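Given these sequences and hints, build the entire structure.
Residue numbers (the working numbering), protein chains in the order written: chain Y, 1 to 408; chain L, 1 to 293; chain Z, 1 to 342.
Derived by calculation from the structure, the hints in this document are not laboratory data.
Predicted model only: the values in this text are computed from it and were never measured.
Do not take every clue at face value.
If you only want the chain Z side, here are some residues facing chain Y, beta carbon under 10 angstroms, derived [claimed, not checked]: (1) T101; (2) L308; (3) G310.
In this text, a Cβ means the ideal position worked out from N, Cα and C, and glycines have one as well.
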Amino acid sequence: MKKILLTLLFILFGSTAYADGHCSKPSGSINILANDFPALRTFVETAKGCKGSADFKVTHSSEHNKIAVPALTANPSEFSARIAANSSIVPLMNQDLIRPMDDLVKKYGKGIQDSQLITIDGKVMAVAFMANTQHLYYREDVLKELGIPVPKTYEEVVAASEKIRASGKMQHPYAAAYKAGWNLAEEFVNMFIGHGGEFFKAGTAEPSINNAKGVATLNMLKKLASLSNPDYLTHDSEAIKVEWESGKVALMTLWASRSGTLLDDEGDAKITAATKLTGPATVGGGNIPAATLWWDGFTLAKNRSDSDAEASFIALAHAASNKKMVADAADQAVWLVEGFVPGPKSIGVIEAVKMGAKPYPMLPQMGLMHGALGSEIVEFLQGKESAEQALKDVEAAYISKAKEQGFL
Amino acid sequence: MEYGLDKRSNALKTFNTTFIIIWLLIACFPFIWTFWGSFKVRADFFSRADWWYAISAFNTLIETGGQFTLNAYSEAWTEGEFWKASRNTIIVTVFVVTISLFLGTLGAYALSRSTERYAFWILIAALIFRAMPHITLVSGYLFPFFELQIWGILPTTIVVLVAINQPFTLWLLYSFFKTVPKELDESALIDGCSYFQAFRYIIMPVMWPGVITAGLFSLMLAYNDFTVTALLLNQENHTMVPKIQSYLGTNQHEGNLMWAVSAVVSATAPLFMLVMFFQRQVISGLTTGAVKG
Amino acid sequence: MPNKTFFWFFLPTGLAMILFIGLPIISTGIQSFYAQHDQVVKEVKKCDPFGCTVSIVVDQEATSVLRDERPLGKFNGFGTYVDRNHLAIEQISEFWDETDTLGEFIDQVTNLPFYKALLFTLTYCLFVTPNVLLLGFIIALSLNAISRKIRGPLIFGTILPMIVTPLVGSLVLFWMIDAEGIIGANLQLMMEDPYLSLKSSRTLTWITIIIYGIWHHSPFAFVVFYAALQTVPQEPVEAAIIDGASRYQRIRHIVLPHIYPVVTFVALISLMDNFRVFEPIIGFSAEGSAQSLSWLIYDNLVNEEVILFGSAAATSMMTIIGIAILLAPVLIRTWKEFRTAR
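And the structure:
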């Protein structure tokens, strides 16, 4: 663990020697499926720079999750490569739709760092190139004025928020993406991991969240929610970002990847200047942060010819080891690629890694748990049921889904 | 043709005018607001600080130096490649409307002229077909389409949109055909026309109103559909709505909300032109047409 | 029309519908009776940029044997239909035994996802459908009395709520009704309640979505009614005026009976559309307070990493059955009409 951590830090703080990635001019046909946001577009564009004589196509789609499984199930599959994250690689693994790429890494993956490789059961299944996490943002001016130190734990976040509210400066000083559904479930996952919880009984798909840690997690979420805007159940990352820019929030948990617009020169200069980033908070006396680490990486379709897989790998590996790309697009993401110089916008992720944050669980049944959490804990936050009842509902909803999927 | 109203009653006229004005305000206000806001920067239009910013252009002034800016439009159309999406939308819409109307008129005509019991059951089946949620249908298409390698291309989407829209078109046109007296085509048949000739030369000319109404709804479906187009088209072929969705960003990553706003305004403009251009036909169509279920 | 001619006229549209709607409905129906095979899992070591852990993966070798044997999955009968996330038969009988009062029982039942969604869906249908019919009819009557010269732009204005992409229409509205948005802030002023927020309480969210539904669907009713009004014969109306019938009487006894079939058509279609309500829930980010049956399907198919086809198929089939039950009275009437027409 320590060794990997050091490697990662080395990557993060690594040298900036400019060099183009290796490109051994592939041929064949490349077709990539990816989510749609600027950093991925940059990445795919860079890969296109090494397409050689290959036919190069890409589909960036907000619906990529929905398309991926049917697309890769067909034989030959529509896409030769799919850019996935630690959650979206799971369905591909479950259905056995992606191929191991150890040989290709050996042959063409010179510039790729060992730490970029995602290995499962000893086989390289994906190559990561970006990292992300949720962490704390704070308003330096507000905290300073009220003499509050930068919070390190969620208990301190609550105390600080209460103090800010009492001072009359802000009515709802805390914000986090609590929108019912995926976002809210993600906050639960973070907080539960921060409490040292395990979602499943070891080695099985049996849920184990209805316990003291689960209750503590829910109570903390409720406390934070009471310090947030009353509309919190509709607030996604976009909404709380705007809330922050309007100066109504002093403490916020948000994705590192969204720091860019908070620190740029659009909007109120005073707020931008006072916006500071720090690592994720811990909770309940635990020593690992209440946050999950995410990576984005590329995978290769199994049901596609070896030559197309090879071509796709060459092009994508060119991007995943491209020092020029990470230097030019240093603002777009926290790159895991050698040569990336972390700027002020990457503080959150680096802190999280240093503190030993855990990655989002890459488990076959985790998506079902995430889905069940997203809708079943809402009523607890609305004050309509007890924490125990809410957790019981989550487990019941999860068990039905898991039974249908054959996990139980 | 004033059924509920007397021309002489001034009080009623005033009430009527007031009602229409209020309704139009309610109907159009969100769009007028969007139109106005599309010339501002994001910090003004999507402000949580004060909605008045959208009027006073507080941040627009700081960021662009003017009260109004065309940035969102120029960026969305060039950098955002909205032109490509518009082109695809035009192709999809034109084909979907034409094919749906062609299939729909033929089928609905047959249904309206049949006295067999199966015609009724076909109508009921069409209704049940329409009850199926689109998202389930489209998820079912994905596996076979990928297997047949027809995913992502425009023709597939066009055919799917036509098929999904058929039950509604059929029902609507069926109601219209029912209002055309049977004697009309029966006399043509006696004169030695085939059914198709009677349909083509006798019935169709008096059916324009129905066709235009049905066309309007097909157009709306093809133009506004998200589920089918987002899941069945590849990036090169994305139409306007999935494109607009892609401007909205993701959980983890920021989008370009103002691109979406300007794109929506851009997408509505041609509809305005279209309605204005066909206004006469639409109105006269609706006027001379007879709808009876 | 002879059967043979009918066949050729109907073939293209029939083929399109059977291929793209009929077959998928059948396959969805079959799918809903199957569950996935038991997933054989094994523990392996997983490494990513942030470290290594030992956790489980699906054992492909063992699972693919099962999959190849029976590609559809494991036969589940009505298992998916009655599980906790759908009809929850078992849970309901448990609640029945456990709870003391009816109120408590209903509370418990509406806490189950399917019934929660059904409750909202029916409420939405109940409030939106009649109001859409009424509002559409009144607008059609009023516009019909306006000078023909300016009717074109007015018609365009009236149908705007229908033609603006729902996805973004509700996005813009979502911001407008925010406590700091133009509508939300002015509502606060009007109600003299600085903390009023349409998004924070369940009731207000429901009301917002229902009002949006009426706003969005009325133009549809308007277009069809407006067209129908043009067909009302002039003579009886004039005769009625001479007889001294009031405006209300004329509408009640001449106009309404004449366009009655169209009212049926609009009611049928809008009831169906309202039962499938889904877009405003996404647009208004209202998942926390309002869930509909279509939203459940969407959630099963899209929101989760693991796609729950069986679940979505079962909910879809129940949606169809629900719509068939709702439409039954109208369908029986149509059948009677059809028979008399023969």
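Answer holds if the nearest beta-carbon of chain Y is closer than 10 angstroms to that of G310/Z; otherwise answer violated.
It holds, given that the least Cβ distance between G310/Z and chain Y is near 5 angstroms, below 10 angstroms.
Taking 10 angstroms as the limit, does the beta-carbon of T101/Z come near enough to a beta-carbon in chain Y?
This interface hint is violated because 17 angstroms lies over the 10 angstroms limit.
Interface hint status, L308/Z versus chain Y (Cβ within 10 angstroms):
6 angstroms, holds
Hint 1 from the list above is the single one not met by this structure.
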